[in-house]
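4 protein chains.
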Amino acid sequence: MIKAAVIGGSGYTGGELARILSRHPGISLEAMTSRQNSGRPIAEVMPFLRGFTDLEFVEQLPENGDYDLVFLATPHTASMRLVPQLMDRGIKVVDLSADYRLKDPKEYEEWYGHQHADAANLERAVYGLPELFRDHIRGADLVANPGCYPTCTILSLAPLLRGGLVEGKVIVDAKSGTSGAGQEPTRSTHHPNCAVSITPYKVGDHRHTPEIKEVLDGLTGKDIDVIFTPHLLPIVRGMLTTSYATLADGVAQEDIAMAYRSAYDEERFVHLASVPAIPATVGSNFCEVGFKVVGTTVVAMAALDNLVKGAAGQAVQNANILFKMDEATGLDFPGLGV
Amino acid sequence: MIKAAVIGGSGYTGGELARILSRHPGISLEAMTSRQNSGRPIAEVMPFLRGFTDLEFVEQLPENGDYDLVFLATPHTASMRLVPQLMDRGIKVVDLSADYRLKDPKEYEEWYGHQHADAANLERAVYGLPELFRDHIRGADLVANPGCYPTCTILSLAPLLRGGLVEGKVIVDAKSGTSGAGQEPTRSTHHPNCAVSITPYKVGDHRHTPEIKEVLDGLTGKDIDVIFTPHLLPIVRGMLTTSYATLADGVAQEDIAMAYRSAYDEERFVHLASVPAIPATVGSNFCEVGFKVVGTTVVAMAALDNLVKGAAGQAVQNANILFKMDEATGLDFPGLGV
Amino acid sequence: MIKAAVIGGSGYTGGELARILSRHPGISLEAMTSRQNSGRPIAEVMPFLRGFTDLEFVEQLPENGDYDLVFLATPHTASMRLVPQLMDRGIKVVDLSADYRLKDPKEYEEWYGHQHADAANLERAVYGLPELFRDHIRGADLVANPGCYPTCTILSLAPLLRGGLVEGKVIVDAKSGTSGAGQEPTRSTHHPNCAVSITPYKVGDHRHTPEIKEVLDGLTGKDIDVIFTPHLLPIVRGMLTTSYATLADGVAQEDIAMAYRSAYDEERFVHLASVPAIPATVGSNFCEVGFKVVGTTVVAMAALDNLVKGAAGQAVQNANILFKMDEATGLDFPGLGV
Amino acid sequence: MIKAAVIGGSGYTGGELARILSRHPGISLEAMTSRQNSGRPIAEVMPFLRGFTDLEFVEQLPENGDYDLVFLATPHTASMRLVPQLMDRGIKVVDLSADYRLKDPKEYEEWYGHQHADAANLERAVYGLPELFRDHIRGADLVANPGCYPTCTILSLAPLLRGGLVEGKVIVDAKSGTSGAGQEPTRSTHHPNCAVSITPYKVGDHRHTPEIKEVLDGLTGKDIDVIFTPHLLPIVRGMLTTSYATLADGVAQEDIAMAYRSAYDEERFVHLASVPAIPATVGSNFCEVGFKVVGTTVVAMAALDNLVKGAAGQAVQNANILFKMDEATGLDFPGLGV
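Protein chains in written order, with numbering that gives the first Met the number 0: chain A, 0 to 337; chain B, 0 to 337; chain C, 0 to 337; chain D, 0 to 337.
Only chain A is shown next, with the shape it has when bound in the complex (with noise of 0.2 angstroms):
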């Protein structure tokens, strides 16, 4: 049994990671820590957990505590404190914060308006969306977990841009439930502003923005010029991007739905679907993908569930790879559909 520890565990994520890790038979969670509830029992913060867990939220780790393996649910700026003190202790991190994300320390710097605390592992971190870095994942000690934004336009743009299959510049049209931004209340995400809505904002300066990039810029070898525009959305759980990319030239439909299916057809949390519907993703760690071709552009879409394979289950998803599990242990359920 992996022994895991969660720091920061009093937000959306933490409860998503307590939920998951309850049912996995191969990682007990031994302890989680929050500033603010320590003391109190997790399942009184997160009644949701009555039943699952006995656990008391603390401070902080203990310094003699015997952890496999431990997952950082803290601000960015946070994780990166902790990390290095974790690695030299042996453990293994799943960072879901943004600071471990962007292989340029500079590009961080601009985006997050911090220097980089931690080149040394920065290097060292690799970029957990298993669907593509399987491999890199598996010999890693610390995986940057991706944003929800990034793993769900990633997903649904991969296959066109690592076959060249389309050229120029790629437009983001993502949609977010309230959940996306936190337990903590905003004007933003109070009831009566956003209810009845739907919000473009940060237009074009979302800092999920440069990991899109970066990661596309790799897959290509391209300088791509990515745009994109978050919206606020008023349901709570799921997510949907609606992309838009140029054919390059001689390509054909079938040429896309084939790199769609060479890519995902033996994927376990990938499904394709020709209209990506978020409920059937609800409380799993699925994605659907699906597209159009219309005219000379490709409309890519994907949806999930921004706690579970936006955040918190390819979290776990990652923690499996790393120990040498069965990618889906722990994973392996339904979403709710409706």
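Since the hints were made in silico from the structure, they are not lab data.
Keep in mind that this is a model prediction, so the values were computed, not measured.
Any given hint might turn out to be false.
The list treats identical chains as one, so a pair stands whether inside a single copy or across any two.
[Said to hold, decoys possible] Calculated cross-link-like contacts (lysine-lysine; reagent style DSBU-like; alpha-carbon spacing at most 30 angstroms):
| no. | residue 1 | residue 2 |
| --- | --- | --- |
| 1 | 221 | 201 |
| 2 | 105 | 323 |
| 3 | 212 | 2 |
| 4 | 221 | 91 |
| 5 | 168 | 212 |
| 6 | 168 | 221 |
| 7 | 201 | 212 |
| 8 | 201 | 168 |
Please arrange chains B, C and D on chain A, whose structure you already have, making use of the hints.
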């Protein structure tokens, strides 16, 4: 033209007052105060008012301002500090806070935790539910505008209680949209917390309970046991109350029907409906009232827009009465329906 | 491994049964019938089941099919035509329709407008609310799976009524998500009609009324007056009931608290909560129950997922009991929480 | 007073026309037809209109009816059978169907699957987007009222295309509330199917595509490649379009800003906003338009109420122009805001 001002205008109620007054042919909005938005154009803070007002929020009303009427959209305890000086200046006041709703200052102290500071005006204040107290409002200088829940509840129950058609306790199961909670973000109105749920709150403790009871007691001359359970509903505008009372001996369904018809057939803003529907009332000053007799129990239902008939619209209706205008002036527009 | 089939599986309840059984270690789903989807892969009709079942819908069960257990997700009147032949083949049946819920065939006829065609089995049927009738279910061959509203209502009221802690009539104000209306589009579930509203329906006339009454009568030996008002709520999954009863003479709040604790402290699927919350139960078989004493009235509340504890999950819980498995087998996963 | 009738008035658009006309000082609604509701009071079918109209639905307009103006809220193909006879009677027509929107009858046949039956009037019809074609509308007898998506899209893109500020293809990612789907219940508007999702539909195939393209082609004199992806959004009223185009060489952000300002500073019903917000427009005829330049891409956004500026409100705006009234007559009220 009646010159009006709104004090405390930056919340939903203030916006709604400005929305209604912007089209009112007999009342002109001359000033609106807001501490936090002082100096900003109203239409910048409330973009739906662009083209309808050039006013800027002011910190406070000019001392020499020439107003006939002030709407107080201030929190409780603030109103009772403002009312005496406004009354002294000969200004009529419609107070949308709770400060003048409870006739008994002891009740006020018990439910609001503050001693009442303006007992003199409390006695002069009239409870502004026109369908019941029109005649008193007509001669008043100070109107205590009812709460949203009491308006909805009392309109549905008054025909039963007034006529002695029911007896014993009254159970009110109320459901309100989230705009009723005001515009400050809170944990309970955080979209992920409320959007896929309906949540009972302050069960038996809500401050609208004594307000409902005081009116029902007044209608019957009895001491009515009112059980009031509000629920937060995942819609923005609109409210429904479902109330339960026991038929008095010998009362038949037809007596009930007649009581409702005679109460409301001539009322401009109350419509009888077999099942009251929130959408028919949204954006308007209308209240839909209906009932069903089930055995010896009568189920009384009402629906309205909590920001209009439940707040700003009723305030304007009261103002119309105070100034001897047709009661529907500036309010004579239908709900959205869908 | 228990071999199971579902008859009438193309609706939400069928999908939910398939979702739960796909992870059940002791029951295998061998066949699912659907007239309209016959011949189509289940996972094509219900995409959330891709990867979890290779079955196709069949028109009807093969006559020589070797099943230990059949779940009937058929409409009322259909079930009572199927049960006799299944029972004759020695197959245990969990019927999710209303056909075997009312012990008195006269009541059935009155509320459902059809004569009961299988009085013999009606007598043998056991009402499948495990928290109340576990011992009877254990020895049964035919379980009448309760309706969603009765499950929620009765779980919240049983501790009060069983102990004689309340007296007089019981008022049930119930609110259900739209999935309870089934998957056929109707005027009332048309999004523009229901999404910004809460609508009372079948006030005093809903067919779950006699089901609630029959159980409450049985618990008390009295003739309880049940007033039941369902409302359609603009959420998809989940249900809340708020019920009102009058304390019996001399009953104190602490008696009430003790009754709830002694009823549910040992129950795997009932959690006591000060305010029951739908999100904690969504996707799971849990029911949250709470209460508040207000003067001489007790407000009893319960929340659950209408498709799980209110339908398919409880059906599986009953099946587990029928076949002497641990009651939580295949159901031991938490709700989504958010 | 202009005498008007509505043909095909029982849908959402008809209700909205009646709602607006009920307060219009210059147009009186004299008759409204509906096959299915013939003989029923309008205010019974549409309860939000109680107190605002005493009309009953009629099967069809009386042949000798004296109307100045007819609004056709009929399905496509029905309009083109009605228009010739109405025009012959000297009645001006605002057609809310698609029948006269596409100038090229071949395009009509291709997208709507029917030959156009009234080529003569098709030539005389004017596309009723006042902000672009006010001068043509003024002298017309037949106005083709634009679709909701085209109105929203074109208002956001026209300043860019008209001025040659962008080049190449135009991508339109559109999101509409469910009222746009009409009042007939369907699988896609069934609440459980759409309420916790956002669903792309008719990707590349939607009939509003050629309508957008024809206008954009006309503005530029070019053959614009329009990629149009509509999504069904879980709100009732309101629409947002997010469109993407590439800046032409040498165009600076300030050029873009100036183009929008010069297009709309004098327009009563278009407001520039940094981020367009649906709630500001709900219930009103206003459209909010905004843009953001991201590298060489301009993201053009617009929000409106699909039933008002996207349908009935714009139809009334067109009627005001036809009859030389102030364009805002009867439409000069703000949106709900919240």
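Homomeric proximity label, residue 168 with residue 212: Cα distance no greater than 30 angstroms: Both ways: residue 168 and residue 212 sit 11 angstroms apart in one copy and 22 angstroms across, limit 30 angstroms.
Alpha-carbon proximity context of residue 221 and residue 201, limit 30 angstroms: within (25 angstroms within a copy, 32 angstroms between copies)
Intra- versus inter-subunit Cα pairing at 30 angstroms for residue 201 with residue 168: The answer is both: 19 angstroms in one copy and 24 angstroms across copies each meet 30 angstroms.
30 angstroms Cα threshold - placement of residue 323 relative to residue 105: Neither, since 33 angstroms and 61 angstroms both go past 30 angstroms.
Homo-oligomer pair classification [residue 2, residue 212; C-alpha up to 30 angstroms]: Neither: 35 angstroms inside a copy, 51 angstroms across copies.
Identical-chain pair category, residue 221 with residue 91, by Cα at 30 angstroms: For residue 221 and residue 91, the Cα distance exceeds 30 angstroms both inside one copy (32 angstroms) and across copies (58 angstroms).
Alpha-carbon proximity between residue 168 and residue 221, which holds within one copy, between copies, both or neither at 30 angstroms: This pair counts as both: shortest intra-copy Cα distance 11 angstroms, inter-copy 22 angstroms.
Within, between, both or neither, where residue 201 and residue 212 count as close if Cα-Cα is 30 angstroms or less: For residue 201 and residue 212, both the intra-copy (16 angstroms) and inter-copy (29 angstroms) Cα distances are at most 30 angstroms.
Of the hints listed earlier, those the structure fails to meet are numbers 2, 3, 4, in rising order.
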